[in-house]
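Residue numbers (my numbering), protein chains in the order written: chain A, 1 to 136; chain B, 1 to 136.
There may be inaccurate statements among the hints.
[Unchecked claim] What the simulated footprint calls covered on chain A by chain B, stretch by stretch (three residues with Cβ under 8 Å from a Cβ of chain B suffice, anywhere in the stretch; the number is not a length):
no., stretch
1, 39-50
2, 88-99
3, 104-110
4, 113-120
5, 123-131
The set of hints was computed from the structure by calculation and includes no laboratory data.
For glycine and all other residues, C-beta sits at the position ideal for the given N, C-alpha and C.
Number of protein chains: 2
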Amino acid sequence: MKAVDILNNHNLKRTSCREGIIEVVMISRQALSENEIREQLVGNYDRTTFYRSFKTLEEHKIIHKIVVDNQCVKYALDNTITHKGEHAHFYCNTCDSVQCMDKVPIQKYQLPDGYSDIETEVLIKGTCSNCKQENN
Amino acid sequence: MKAVDILNNHNLKRTSCREGIIEVVMISRQALSENEIREQLVGNYDRTTFYRSFKTLEEHKIIHKIVVDNQCVKYALDNTITHKGEHAHFYCNTCDSVQCMDKVPIQKYQLPDGYSDIETEVLIKGTCSNCKQENN
DNA sequence: CTGTGTGCAAACACTTTGCAGGTGT
DNA sequence: ACACCTGCAAAGTGTTTGCACACAG
């Protein structure tokens with residue numbers, strides 16, 4: 001699936017900014033921050049444009065946002081595109097990377113009577129395999 | 001355990017702001033935002049003072065911060081005070097409340113090789129028992 | 001051609017920092 | 001008395017909004 005097709009499928013206009021964001025995020029094995037995305041894009045875009053593009057892509061469930069500690073914001077391809085289901089996110093304290101743990105499904109939590117759950121977010125913090133190696 | 005004792009135990013000076021925050025948070029069954037805390041406090045305090053007080057109390061593990069969707073910030077008594085262990089947090093989409101699910105322990109997630117976890121945050125979003133009743 | 005996306009400037013909200021003066025111990 | 005807390009002003013940062021122009025369909 002190409003970025004252009006994704007945009008078409010969602011009836012979104014094909015603009016270089018949107019297309020670029022999707023491509024960059026699609027290739028990356030990690031969730032990326034606005035700046036990391038900017039670095040990998042060919043054109044140069046205003047911050048406002050990024051914000052609006054992220055918002056649009058998020059609303060159409062093309063990408064999803066992961067927030068760590070109220071300040072670090074990263075984006076990754078959404079489940080509806082990857083078809084990998086709901087998963088936990090991993091944040092590495094050492095290298096600040098965020099990874100979608102496709103193989104770590106969200107577990108079911110038993111809530112008290114009267115509570116109904118719609119969505120569960122799991123963020124695991126620790127050291128990723130890359131950073132662990134470097135410590136040895 | 002009174003608020004004053006908690007401050008003493010952590011070698012923190014007893015100021016009305018800190019004492020008030022702890023008392024309000026301790027009584028509440030829900031996590032509270034800065035404004036919700038302000039409303040229940042007797043004195044009036046500058047935002048800066050709040051920020052610094054929250055920071056201090058957080059660093060001493062007297063309260064902990066829960067962030068929903070990168071914008072909604074709430075505070076609750078920390079585990080080390082309540083002695084109730086790590087638990088999931090519940091966010092009600094209807095009334096915007098955040099509750100500590102003392103009875104919902106964090107489950108163990110099996111990470112890929114090389115990853116080590118230090119801390120796991122679980123935020124369950126849905127409808128709380130209060131809001132469910134009102135719909136009936 | 002028409003509606004939508006983009007860039008720029010300005011506004012806004014949250015948080016942090018510096019400093020002078022006040023308070024707890 | 002001294003260290004530290006507080007309030008105020010200002011700066012810093014992330015995000016949103018209004019508007020004119022550009023571009024996709």
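For each hint, the structure was consulted:
1. 39-50: violated (count 0)
2. 88-99: With 3 residues close enough to chain B, the hint holds.
3. 104-110: It holds, with 4 qualifying residues against the three required.
4. 113-120: Since three or more residues must qualify, the claim that chain B covers the stretch 113-120 of chain A holds, with 8 doing so at under 8 Å.
5. 123-131: Holds: 8 residues of the stretch 123-131 of chain A have a Cβ under 8 Å from chain B.
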